[in-house]
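Peer 1: The chain contents come next:
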Amino acid sequence: MSDLENPFEETLLQRHRAEPCTVVIFGATGDLTNRKLIPAFYNVAACGDLPPQFKLVGFARREKTDEVFRKELEEGNRKNSRQGHNDELWNSFSQSIHYHRSEFEDPAGYVQLKLLLDQFDRERGTTANRLFYLASAPEAFKPILEMLKAAGLNHGVDGKWARVVCEKPFGKDLATARALNAAVADTFEEKDTYRIDHYLGKETAQNIMVLRFANALFEPNWNSKYIDNVQITCAENLGMEGGRGGYYDTAGALRDMVQNHLFQLLSLVAMEPPTDLSADSVRDEKVKVIRALRPLIGPEAVGANVIRAQYTAGSVDGVSRVGYRQEDRVNPESQTEAYVALRLFIDTWRWQGVPFYIRVGKQLPKKATEISIHFKKPPQVPFATARLPGSSENTLVIRIQPDEGIALRILAKQPGQALSMQQVKMDFRYSSSFGKASPEAYERLLLDAMAGDATLFARRDEVESAWKFIDEIEHAWHRSATPPPMCEYPAGSWGPKEADDLLRQDGHAWRLL
Amino acid sequence: MPLSEDTLACLGTEVPLAKIDRALKELWDSDVAKTRASLINLAIYSEATESLIENNHLLAKITAENACRALLITCLPEVKPQRARAWINALCRPYQGKQIVCSEQISFVLEGGDAAQVQNVVFAHLDSDLPLIVWWQGELTKNFEERFYSRIGTLIIDSSTWDDPRREFASLGAAKAAETSHFDVRDLSWTRSHFLRTALANAFQDIKAREHLPKLQSIEITHLNTERCAAVLLAGWITQRLGAVLDEAQSGLVFQKTDGTSLRVTLIETLSGCALQSLRLIAPCLEVSVTRDGLSSFVRVNATCEGHSHEELLPADVVSDAELISEQLSRSGGSTHYSKVLPLMVKML
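Protein chains in written order, with this note's numbering: chain C, 1 to 513; chain W, 1001 to 1349.
Please keep in mind that the hints were generated in silico from the structure rather than gathered at the bench.
Using N, Cα and C, we set each Cβ at its ideal position, and we do this for glycine too.
Treat each hint with caution, since some may be false.
[To be verified] Just a sample of chain C residues kept apart from chain W, beta carbon distances all over 12 Å, derived: (1) A140; (2) S320; (3) Q326; (4) P332; (5) E488.
[Stated by the list, open to error] List time: in silico EDC-like cross-link candidates among lysine to aspartate or glutamate, alpha-carbon distance up to 16 Å: (6) W/K1208 with C/D158; (7) C/K114 with C/E146; (8) C/K64 with C/E103; (9) C/K79 with C/D31; (10) W/K1208 with C/E5; (11) W/K1061 with W/E1323; (12) C/K468 with C/D173; (13) C/K149 with C/D186; (14) W/K1208 with C/D121; (15) C/K413 with C/E393; (16) C/K160 with C/D118; (17) W/K1208 with C/E123; (18) W/K1208 with C/E19; (19) C/K288 with C/E272; (20) W/K1347 with W/E1248; (21) W/K1034 with C/D427; (22) C/K149 with C/E190; (23) C/K366 with C/D317.
Could you put together the complete structure from these sequences and hints?
Peer 2: Right, here's the structure in full:
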C-alpha cells in the first residue's frame, strides 16, 4: 500500500468513484438544473456515490440567497427525483448547495466565484477539484469560458483537476461548432472537456456494446452478410408545447436530434469493436463510423436520400393538433423541418450496401426511440410451399425509451397440420427482468464526469464530423437554387408518404412500432 | 413445532409433486394478463419450521425486485414417516400500471427429508439454463453434501446464525475445496457491513485523512450481541487492508502494523439496535466515525483531521434479510475481499 492510496477503496470498485470536487452550474436557475441536474445529484447522493466534502455552486443572474435557491431546488427535487424525496437526506445534501449571483460576462463575478471556491477549500483544509457545468443558453458558453480563463479557474491547482461539461446544442453548424470547440480548447484541455449527450447515459444505449460484443449469437452476424437494413426511429407525440417552438424553429429535427443523439446511436450500432474500453478507444471507433458515412452533396443527392417534412393539422390521442406553422413561436412561413427521414450508407467493409434508415419527428402517433436490425432472409428452400407471413425476416429491436429492452422476432410453425409460419416475439424488458429502476442518464453522466471517465461523452472530432455531414444537407435545403421540397404529414400520422417511398424504393418498409 | 394446515395454506395451491409442472402451466394459462419473468433459480433451504412463514414473506419481497423461479424448501429430517408435499404460487407485481409481472414460487415441506430427496426436489424443478442460487439457512447439516453443492452457482449463508462458526467455516472450506464444487459464497454477515465499508472508503478519499492512517491506534466497532461474525469480518477487513498482522501472543484483538507499532481492535456488544451500529478509527490527529442511528436509512460520517471537521450523510444500504438477499442478487460474481479476509476472521473468532 503506498501512502497515497486509499486502502479501503477496493470496496468502491464496483461503483463509479467520483473524486472530491466542487461543481459550478452556469444557468443554475434554468429548467435543466431544476428538472434534471439537481435531482440527478440528489439521487447520486442517495446511492452514496457523491464524493466526500462535495459542494455545488449555482451561478446565475438573478438575485437570491442560498436559502431561497435551496428552497426552489427542493421543490423541483420533490417533483422530479427518481427515488422520491427524503427530508433527512435533502437537509444534509442541500447544505452543500450555494448560490452565486453574477452576469455571465462580468469579470468581477468570476473573481468573487474564485474567492468563494477558495473559501470552500480552506474550510475543507484541502484544495478540491472543480467541475464547471455549462447549462446556460449556448450563446453564453463562449463568454463564460473566456471569463473562467481570465479568472484562472480553468486549471486545477495542487495537482487537482478543472473540467468543463458542455450541454447541447454544441454549435448549430460546423463553423459554430468549430468556433465553440476552439473557445473550449483555449480554456480547457480536450481530456477535461465533457460534451454531454444524455442518450449515451441511457441504460439501453450502453447495452448496445454488450449486446453486440458479448453475445456470440450476434457478434458474428453483425455485418452486411447477414443484416439487410437498420432502422433508427425517434418518434415524439408532442409538438411545440411549452414555448419550445422558439428554439425548435431555429434548429429543426436534423440539427436538434440527428446530429447528436441519433448519430451517437448509429455509431454504437455500426462501430468496430474497440481494442479496450478506455474513453478514447471507444470514441476512436465511433468517430470512424461518422467519417465513413457516404456524403450527401448537392440537392439531388439530398433529395434522393433525405425527406424533410412539417406536420399539418391533425389529432394525436384524440386531441386536435394545429399544424407546425400555426404553433406558438413558430414562423408562419417556416422552412424548418419537424420531421426528417434519411437513408445513409456507411462505406466500410462491414456495412457495404446496407442502408441505415433514420427517422425523427414531432406529432407522430407515439413516443418511442428504438433501433431495429433487420436480418436477411434465409433461402427458405425447405419451406417453398409453406405459407409465409408478409414480413418474415428476423428482426432484433433495441428499445431505447420508453419500456427499455430488447425484442427478437423470429418465425415459428403455427400449430396444426399445415406448414404455416407465424412471426413470434421474444421480449426482454429491463423493468420486468430487473426490478430495480435504472439510474437516470444524467446520474450516470455526472458521476462519470466527476470520476474522469469520458467514454459516454462526445469528443471534438465526433462533433465536428457529424456537423460536417449535416451541413451538406442543410446547405442543399437552404442555400441551393433547387432545394428538395418540404413535405407534409397530418399530425398523428407516421410521417409523410415520401418517407415511406424512400424505403419502398429499396423493397423495405418502416417497422411498425 | 408441527406445521398447521392454516400455516401451510399461505403457500398457495397444494399440488402433487408429480404434477407441479402441469399445475404451473395451468396457472399461467388461466390469466393472460400476467407475464412470467425469471432470471435465476432461487432456492431457500431451512430445517426450521418456524422460519416457513417468514421465508414465505421474504420471497414476496425479494421477487418484487428479482424475477426468479423461487423454491422454498422446509426440510424436517427428524420427522417420521417420510412424506413430501408441494404448493405453487405466483408472486406478482404491477408493471407500468397496466401489466402484471410474476415470479413462480414452489414450496416444499419434506418430512423425513434426506439429502437425496432435497436434491431431487431442487433439481427436478429448476427453470432450465438459469443459474441456481441457494440460500442455506442455519447450520450446514448432513443434507449439504457433494452431489448438492457441486451443482449450485452461488451459496448464500449467514454466519451470524451459526452456533459454532469455526466448525461451520471448516465444513464450508471443505466443500469449497472439493474438486467438483464451483460455487461462490455470499455471507450475509459480510453484506451487513457493506455500508460501513463504503462509508469508510468514502471518508478516506480525502488525501489528508489518508496521510494519518499509518498512525492509527485503535478501531472500535459497536455491534448487536448476535452479530459478532459481522463485526469480526469488518475488523479483519480493515486491519488486512492496512497490512496489519494479528498478534496472537497478545490477549484480545491486537495487531502489529508494518512499522511495528500496535493497533487495538475493540468490539463492543449491545443488546439492541441494528447489526452494526458504529465504527471509530482513532489516530493522534485523526478521528473518523461512522454511526447509524437506530434503523435510520442513513449513516453519519464524521471526520476530524488536523482540526478540520466535516460530516457526510450516506445511505445505510440494507437492514432486512430480504434487502440483504436482493443486494446479493444484484451483484455478479463472488466477493474476493470476503474470501481473502475469511482465514483471518476464523482466527479472530
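Peer 1: Taking the shortest Cβ-to-Cβ distance between C/E488 and chain W, state whether it exceeds 12 Å.
Peer 2: Correct as stated: the minimum Cβ-Cβ distance to chain W is 34 Å, above 12 Å.
Peer 1: Run the distance test for W/K1208 versus C/E5: straight-line Cα separation, threshold 16 Å.
Peer 2: 11 Å, holds
Peer 1: Over 12 Å from every CB of chain W: does C/S320 meet that, or does the non-interface label fail?
Peer 2: 26 Å, holds
Peer 1: Are the Cα atoms of C/K288 and C/E272 separated by 16 Å or less?
Peer 2: 9 Å, holds
Peer 1: Assess, step by step, whether the Cα of C/K366 is no farther than 16 Å from the Cα of C/D317, and give holds or violated.
Peer 2: Judged against 16 Å, a Cα distance of about 9 Å means the pair holds.
Peer 1: Holds or violated: C/K64 and C/E103, Cα atoms, limit 16 Å.
Peer 2: Since the Cα atoms of C/K64 and C/E103 sit roughly 13 Å apart, the hinted pair holds (cutoff 16 Å).
Peer 1: Holds or violated: is the Cβ of C/A140 farther than 12 Å from all Cβ atoms of chain W?
Peer 2: The claim holds: C/A140 sits with its nearest Cβ about 33 Å from chain W, beyond 12 Å.
Peer 1: Straight-line Cα separation of W/K1061 and W/E1323 no greater than 16 Å?
Peer 2: 8 Å, holds
Peer 1: Within a Cα-Cα threshold of 16 Å, do C/K149 and C/E190 meet the stated pairing?
Peer 2: OK: C/K149 and C/E190 at ~15 Å, within 16 Å.
Peer 1: Would you check the hint for W/K1208 and C/E123, treating anything up to 16 Å between C-alpha atoms as holding?
Peer 2: With a Cα-Cα distance of about 13 Å, the restraint between W/K1208 and C/E123 holds, given a limit of 16 Å.
Peer 1: Would the hint linking C/K468 and C/D173 be met if the CA-CA limit is 16 Å?
Peer 2: 8 Å, holds
Peer 1: Does C/E393 lie within 16 Å of C/K413 when you go C-alpha to C-alpha?
Peer 2: 14 Å, holds
Against the hints set out earlier in the document, no violation occurs for any number.
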